[in-house]
Structure formats: C-alpha cells, structure tokens
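These protein sequence lines are chains A and L, in that order.
Per the numbering used here, the very first residue in the first sequence carries number 1; after that it's consecutive.
Per the numbering used here, the very first residue in the second sequence carries number 1; after that it's consecutive.
Some hints could be false.
Using 16 Å as the maximum straight-line C-alpha spacing, the simulated EDC-like pairs for lysine to aspartate or glutamate come out as follows [as the list claims (entries may be wrong)]:
no.	chain 1	residue 1	chain 2	residue 2
1	L	K181	L	E154
2	A	K348	L	E131
3	L	K114	L	E131
4	L	K181	L	E122
5	A	K210	L	E97
6	A	K210	L	D109
7	L	K181	L	E119
8	A	K137	A	D221
9	A	K137	A	E220
Hints in this document: simulated from the structure, not taken from any laboratory.
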Amino acid sequence: MSAVKNSASGPKPARGPLGRLWHAIWADWDLMQLAISVLLVVAIGFAPLVIRSPYYLGILILAVLYGYVGISWNIVAGFAGQLLIAHIIFIALGAYTTVVLYTRFNIMPWIGIPASGVVAAGLGLVIALITLRYGLKADYFALFTIALMVALKTLFLKWEFVGAAVGMGLRLNEPSWEKMIFSTKEPYLYIGLALLLAGILVQFWIYRSKLGKYFLALREDEAAAAALGVNTSLYKTLALLIGSAMGGIGGGYYMMYVTFVEPPQVFDLGLNVELVLAAPIIGGLGSLLGPVLGALINKPLAELIRGTLTAGRSGTTLIVYGAFLVASILFMPRGITGLIQDGYLRLKRRLVPEREEEVRRDIA
Amino acid sequence: MTLLEVQGIVKQFGGLTAVNDFSLSLDRGDIVGLIGPNGAGKTTAFNVIAGFYRPNSGRVRFGGRDITGLRPDQICKLGLARTFQVVRPFGALSVLENVMIGAYARTNDKATAKAKAEEALEALGMTGLAERAARDLPIAGRKRLEIARALATEPQLLLLDETMAGLRSAETDEVIEMVRKLSQRGIAILLVEHVMKVVMSLAQRIVVLHHGEKIAEGQPSEIVRDRQVIDAYLGEVESDAAR
Chain A
1 MSAVKNSASG PKPARGPLGR LWHAIWADWD LMQLAISVLL VVAIGFAPLV
51 IRSPYYLGIL ILAVLYGYVG ISWNIVAGFA GQLLIAHIIF IALGAYTTVV
101 LYTRFNIMPW IGIPASGVVA AGLGLVIALI TLRYGLKADY FALFTIALMV
151 ALKTLFLKWE FVGAAVGMGL RLNEPSWEKM IFSTKEPYLY IGLALLLAGI
201 LVQFWIYRSK LGKYFLALRE DEAAAAALGV NTSLYKTLAL LIGSAMGGIG
251 GGYYMMYVTF VEPPQVFDLG LNVELVLAAP IIGGLGSLLG PVLGALINKP
301 LAELIRGTLT AGRSGTTLIV YGAFLVASIL FMPRGITGLI QDGYLRLKRR
351 LVPEREEEVR RDIA
Chain L
1 MTLLEVQGIV KQFGGLTAVN DFSLSLDRGD IVGLIGPNGA GKTTAFNVIA
51 GFYRPNSGRV RFGGRDITGL RPDQICKLGL ARTFQVVRPF GALSVLENVM
101 IGAYARTNDK ATAKAKAEEA LEALGMTGLA ERAARDLPIA GRKRLEIARA
151 LATEPQLLLL DETMAGLRSA ETDEVIEMVR KLSQRGIAIL LVEHVMKVVM
201 SLAQRIVVLH HGEKIAEGQP SEIVRDRQVI DAYLGEVESD AAR
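Please put together the full structure from these sequences, using the hints given.
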C-alpha cells in the first residue's frame, strides 16, 4: 500500500495547498467521487441564475430529491446488498408523517421532516426484526417489502385520520419560511440541495468507516463476514435503519414540495422505480457518485420522454423509459460511474506508468 | 491449559449423521491435522466448532468457556478464526480492505485497522498486492488472502480448511513456512488437509475422521502405520497420487 501510494505521489513534491489538495483527491477514487458530487451540488446551486423557467427548476428540484433518495437506497441496497425493493414505503410514510403533523397538530415541517425520519426508521426496524426473525433473505426479502407496500396502501386507503382515499394536502395560503411553503421555486431548490449535500457527506463518511466496510462485507459474502467477526443481524438492521430514516426525511421534503399525497400515488412501484431505483442503477449502484449522477440524468430524461411522447399514443412514455432502464442495466452494469472510473484508471495509468510495473513485479 | 476442547459433538442432517461423537482437544501453540476421506465430516466438524452449525449434542469449549451455540462472529471475537475451503474473498473490495474487515473485529479505528491489516498482509507476503481487487487474485493469492483476513482478527486458534488444495508445489512450501511462523507466534492451528505432505510436515498430532467418527489419533509417524487409517484413507491418497 504505502509503496504504491508513494510512487504515485512521488514525482513533484513542491506544490501549493491547492495543488496538494488536488493531488490528494486525484490519488483517491472515493475522494474524486466526493469532489465531483460536491461540484455538481454547487453547479446546481448556481442554476437559478441561468434557468428562470419554473418548469425547468421544478425538474431540477425533483432531480435533487431523486439524488438524495437514491443515496438512502444506495446505502441499503448498494452498500449492504439488501434487496429492499419497495424503498418507496419510507418516502410515503415520511410524506404522510409530515403532512399529518402539519395539518392535524400544527407542527411545522422543520420539526415534522426530522420526525418523519424517526417514524420511517421505526418501520425500518420492524422490517429488520421480522425479516431476521424469519430468515427472509435476498428475493424473499424483496418480496416481503413489496407485499408490505401493498398492505400499507390498503391500510392508508381505509384510514380516515390520514385522509383515506382522498389523500391529504397542504393549505397553501400565506407562504413563509416557518411553514416551508414558498411561492417561488428557488427556496425549495436550496433546501433540497442542503439535504442532498448532507446525504453525500453521510454516504461518504459511512463508506469510509468500519460501518461501511462491514456493509460491503455483508453484500459480498455474508458467511465470510460472520467468520471475520461481523454481527450480520446487527449490521443489516443498522443499514435498514439508516436507509429508512434518510428515506423518511426525503419523503417529508417531497410532501412539502408536491403539497399533496394520496395512497395510490406514493405506494406505487412505478414511482418507486423512477424516484428510488433508477438513479443509483443508472449512475452505478454501490458507488458514491452513482445516485447523484444518475438522478441528474434520470429525472430530466424521464421528463423529456414524457414531454415529447405523451402527445402520441398513451403508454409510449413508459415503454421508452423502461427500455432505457433495461439498456443501461445491460450495457452499463456498473452504471455511468463505472464508465467514468474506467476512464479515470486508464488516465491515471498513463500518467503514472511505474505504478503498474511495480504491482506486476510484486505479483511475479 | 487446554485451548480448545471438543466434547462428543454430533451433527445430523436429516437422517444422515455427518459427525458422530467427535472429541478433540488442543493446547496453545499446537498444530493438529484433521484428515480423512471426502465426506468424512471434517468441514462439518469445523462448521460446528466455528459456530456455523449448532451440534445436535456435545459441547465445544474454547479458552475455558462454553461456546456451543454462539454465533460465528461472537466466536471470532473470542479468538477463534477460520478460513473456508472454497475461498470467499470480498471480490469487489481491495486486498487491503478485505483484511481490514478482519482487523475491524478488534478495533473501530480505521488507522489501527489499516496498520493491523498491513501487518497481516506482510506475514503472508502480500504487501505488494494490497491495492488489487480481490477478485483479480489468482487462486494462490486468494488462499493466502483467506489466511491473512483470519489472521487480522488476532486469533488464538486458527482453523485452516484445505488451504493448500489447488496450489502448486512451490506455493505449498511457501504457505507451509508461513503457517509454521504463525504457530511460532503462539497461534494454535487446526488444519483440514488432503495434501499429505502438508499434514506430515506441519502437524504434531493427527486426527483421522471416517464416516463422521474418529478412527485414529496420534503422531504422524504412528498414523501412517495405522492399519485402519491405511484401509480407510491413506490407500486412497496413494491412488490419488498415482493418477
């Protein structure tokens, strides 16, 4: 390790602080991904200077939300390898928690959204306990989450307190920061970006820590992980708790932005694919950059397809969008981040040719 | 003091008795070989000792403590580590990260885990491979990685399940030397092995399993002359070698 690192950072020792920072980032793919993610967040932050149309800003806001929610799913499915297919249940529960607290108890979303995270984590804990108790793994685990989504949809359709089949909406009079209700799009964008940035940092911290390495070990080989001292039940539960809490928070924010929620809208596999699964899959599941990059491609693309094709036969949108998802899974199994990483490694090898030779010598 | 004490363990799968009334004891610094024909129950015995299977009856004591029924991760933390016969690297992770996951059994600190992992890699002569993806390693490298990972958990007892199978002769000699060094550091070793050269040159004591039962136990020189062992197993090895 040290030998390889030294040779990579050897040639030009004299640099300014910025040069050293760049060099540290360049040498480390994780840091590269973090840097690109943060740059994207900053770039989106400046977008309102160029993009004035509320329609396009709206797409950007949802892309930012998709990126954040994508990160929450990436930690459970991409890092820990848990096939939590119907992650949308946490977003749905978060949305309902926020709107119920706001309309029924007059609790502001600044408290309601974190509370949504807690409620969603409660559901995450219940799922963890049930699936561990009955040993549901992989595809059975996935089916369990889908079944739970259907059950919750039925429950919410009948439950008068949360609006039953009518759903629940926000009273939109008197916009204010206190109520997190705005007449323009920009404040929503910046709140979303703050959420996304927090998600990016949390994801990075997890990935680099013991917690993240244990998650990866679970994904790669559960038995081997157990043999090396990983308490597999505990770490599966932790992954679910983190993913569901983050998802619930995202759901609360989603509620404030879309202002209305009803059971068929949020307990829905179609929305689940678009809102949760697509970004990490297109971007690269299990990578740090994947959810952010995937969301920035997925949401505008989905809108574009919807915008251009809806005029024709209905359903064309879904066929084209679905075909795109399938194609990206087939031709980019590691997502766009995988392609970027390959390019990065090739470039790095060309710039530091002695590194490869050294490794080859070690193998021989 | 007895480090590992296996007392009459029985493991049945449905109607099949894989391990029957198997006992074994092992002290600090011992190297014990567990041999026997395919299907004799060696790996099953390993799985019971390391907590992957719960025995139908019998007890396993480690360091004076009853560990029967504990989970594998708990047993690992008590100082009993194992490797797998079919290697199970975390393929997408680097060699260093693989070993760090072992080292994290003893620490929450990244820098400490990394230092310990580098130490373990050095002991296995893998320092130069640290940054490689584990899935890119050839089989000899993967086998070493199994040992390095287990070593990083700082075990008092290491269970090695056919670590030398599939290695070339020179590679085997290297690994034998490494295992011997580990033993000199005070780590007790229980090894399942088909390669007789390995067992004979490493083990101070050999236990022979056949149809799930212990049919012999003794020094290597006694075992090779044991009529029952020759009939059940060693004859088979000679025919293997002739092939």
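Now the hints, each set against the structure:
| no. | hint | result |
| --- | --- | --- |
| 1 | L:K181 x L:E154 | 14 Å, holds |
| 2 | A:K348 x L:E131 | 14 Å, holds |
| 3 | L:K114 x L:E131 | 12 Å, holds |
| 4 | L:K181 x L:E122 | 12 Å, holds |
| 5 | A:K210 x L:E97 | 10 Å, holds |
| 6 | A:K210 x L:D109 | 8 Å, holds |
| 7 | L:K181 x L:E119 | 14 Å, holds |
| 8 | A:K137 x A:D221 | 13 Å, holds |
| 9 | A:K137 x A:E220 | 14 Å, holds |
The structure agrees with every numbered hint stated previously.
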